[in-house]
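A.B. asks: With the hints as your guide, set chain D onto chain E.
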Amino acid sequence: ETGVTQSPTHLIKTRGQQVTLRCSSQSGHNTVSWYQQALGQGPQFIFQYYREEENGRGNFPPRFSGLQFPNYSSELNVNALELDDSALYLCASSLVTGRYNEQFFGPGTRLTVL
Amino acid sequence: ILNVEQSPQSLHVQEGDSTNFTCSFPSSNFYALHWYRWETAKSPEALFVMTLNGDEKKKGRISATLNTKEGYSYLYIKGSQPEDSATYLCAFGHSGGGADGLTFGKGTHLIIQP
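Protein sequences, first through last, are from chains E and D. First residue of the first sequence: 1, per this note's numbering; consecutive thereafter. First residue of the second sequence: 1001, per this note's numbering; consecutive thereafter.
Check each hint, because a few of them may be wrong.
[Said to hold, decoys possible] Cross-link-like lysine to any residue pairs, in silico, SDA-like; alpha carbons within 20 Å at most:
1. Lys1042(D) with Thr5(E)
2. Lys1106(D) with Lys13(E)
3. Lys1106(D) with Pro107(E)
4. Lys1106(D) with Asn59(E)
5. Lys1106(D) with Glu102(E)
6. Lys1078(D) with Ser1007(D)
7. Lys1042(D) with Leu88(E)
8. Lys1042(D) with Leu11(E)
9. Lys1059(D) with Phe104(E)
10. Lys1069(D) with Tyr100(E)
11. Lys13(E) with Tyr100(E)
12. Lys1042(D) with Gln17(E)
13. Lys1057(D) with Tyr1031(D)
14. Lys1106(D) with Ala38(E)
15. Lys1106(D) with Ala87(E)
16. Lys1058(D) with Glu102(E)
17. Lys1042(D) with Asn59(E)
18. Lys1106(D) with Ala80(E)
[To be verified] A short, non-exhaustive set of chain E residues, derived as facing chain D with CB atoms under 8 Å:
19. Gly40
20. Phe45
21. Asn55
22. Phe104
[Said to hold, decoys possible] Counterexamples of contact, computed for chain D against chain E with all Cβ distances above 10 Å:
23. Gln1014
24. Gly1016
25. Ser1028
26. His1034
27. Ser1043
28. Phe1104
Hints listed in this document are in silico derivations from the structure and should not be mistaken for laboratory results. Idealized CB from N, CA, C, for every residue including glycine.
Isolated chain E, as found in the complex (with noise of 0.2 Å):
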């Protein structure tokens, strides 16, 4: 069983510019959900996936933005990147009639705005 993968590891970026991350979900899981974890904060919920529609939403502005391809694997675009977008964004997936929305996580694409 392949668990959550993510890419790239780290990235840095400049303001005004747009950014991509990739996920690619554990074999089987229908669900993916993207989370950004700032620093001293916990992980916070941007969205979630389901069958290639977004199908919840975190207090996320519209430029943080989402796909999901028909093999479940994922990307968060963010355009117009601000120094506060620098953070651990991390992906997890899940089965949407998953047991009580256990989720999975990768570890994380470490993103670097200047």
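C.D. replies: Frame of chain E, contents of chain D only:
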């Protein structure tokens, strides 16, 4: 806005000692409480999913209890070992399909001193 609080923020424990820490969460609209263990540079690892008031779960030397009426959960580690050093996160689940994501605390950073 849901508030999940964890205490203490960090903890230094001598190898061999037992320890415990707390997660408090809203007692209304409870669905599930998740505990994760997160080692540096790795993926958060699911420890327990707890759903019923009075639940007690155990995994090796780690156990957890749940009180949904008063909104708290305790995580206990018996006979701490250096490999227990990690950040322990709790997360409140408040919907079945997960469309609202998990609401995380900031974590308890545990350091086991040999």
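A.B. asks: Taking the hints in turn, state whether each one holds.
C.D. replies: Verification of the hints:
1. Between Lys1042(D) and Thr5(E) the CA atoms are separated by roughly 11 Å; this keeps the pair inside 20 Å, and the hint holds.
2. Between Lys1106(D) and Lys13(E), the direct Cα distance comes to roughly 26 Å. Violation of the 20 Å bound is thereby established for this hinted pair.
3. Under the criterion of a C-alpha separation no larger than 20 Å, the hint pairing Lys1106(D) with Pro107(E) is consistent with the structure, at around 17 Å.
4. The hinted pair formed by Lys1106(D) and Asn59(E) meets the criterion: a straight-line CA distance of about 17 Å does not exceed 20 Å.
5. In summary, the hint linking Lys1106(D) to Glu102(E) is supported, as the alpha carbons are separated by about 19 Å, within the 20 Å threshold.
6. Distance restraint check for Lys1078(D) and Ser1007(D): the Cα-Cα separation of roughly 18 Å lies within the 20 Å cut-off, and the hinted pair is therefore satisfied.
7. In summary, the hint linking Lys1042(D) to Leu88(E) is supported, as the alpha carbons are separated by about 12 Å, within the 20 Å threshold.
8. Using a Cα cut-off of 20 Å, the hinted pair Lys1042(D) and Leu11(E) holds, with the two alpha carbons roughly 17 Å apart.
9. Taking the CA atoms of Lys1059(D) and Phe104(E), the gap is about 18 Å. The hint holds against a cut of 20 Å.
10. Between Lys1069(D) and Tyr100(E) the alpha-carbon distance is near 19 Å, which keeps this suggested pair within the 20 Å criterion.
11. For the given pair, Lys13(E) sits about 36 Å from Tyr100(E) by alpha-carbon distance, which is inconsistent with the 20 Å threshold.
12. For a cut-off of 20 Å, the pair hint linking Lys1042(D) to Gln17(E) is broken: about 28 Å separates their Cα positions.
13. Taking the CA atoms of Lys1057(D) and Tyr1031(D), the gap is about 16 Å. The hint holds against a cut of 20 Å.
14. Our distance criterion of 20 Å between C-alpha atoms is met by Lys1106(D) and Ala38(E), whose separation comes to about 10 Å.
15. Taken as a hint, the Lys1106(D) and Ala87(E) pair is honoured in the structure, with Cα atoms around 14 Å apart against an allowance of 20 Å.
16. For a cut-off of 20 Å, the pair hint linking Lys1058(D) to Glu102(E) stands: about 17 Å separates their Cα positions.
17. The straight-line distance between the Cα atoms of Lys1042(D) and Asn59(E) is roughly 26 Å, outside the 20 Å bound, and the hint therefore fails.
18. Proximity of Lys1106(D) to Ala80(E) is assessed by CA-CA distance (about 27 Å); at most 20 Å being required, the pair is judged violated.
19. With a least beta-carbon distance of about 7 Å to chain D, the hint placing Gly40(E) at the interface is held under the 8 Å criterion.
20. Among the interface hints, the one on Phe45(E) holds; its C-beta lies about 3 Å from the nearest C-beta in chain D, closer than the 8 Å criterion.
21. Taking 8 Å as the C-beta contact cut-off toward chain D, the hint placing Asn55(E) at the interface holds, the least distance being around 5 Å.
22. At its closest, the beta carbon of Phe104(E) sits 7 Å from a beta carbon of chain D; the interface hint therefore holds under the 8 Å criterion.
23. The Cβ of Gln1014(D) lies farther than 10 Å from every Cβ of chain E, with a closest approach of about 26 Å, so its non-interface assignment holds.
24. Look at Gly1016(D): its CB is around 29 Å from the nearest CB on chain E, clear of 10 Å, so calling it non-interface holds up.
25. With a cut of 10 Å on Cβ distances, Ser1028(D) stays outside the contact zone with chain E, its closest approach being about 17 Å.
26. Once the 10 Å rule is applied to beta carbons, His1034(D) is inconsistent with being away from chain E; the minimum gap is 7 Å.
27. Its closest Cβ contact with chain E, about 5 Å, brings Ser1043(D) to no more than 10 Å, contrary to its assignment away from the interface.
28. With 10 Å as the threshold on Cβ separation, the claim that Phe1104(D) sits away from chain E is violated: the shortest Cβ distance comes to roughly 3 Å.
The structure is inconsistent with the numbered hints 2, 11, 12, 17, 18, 26, 27, 28, although it conforms to all the rest.
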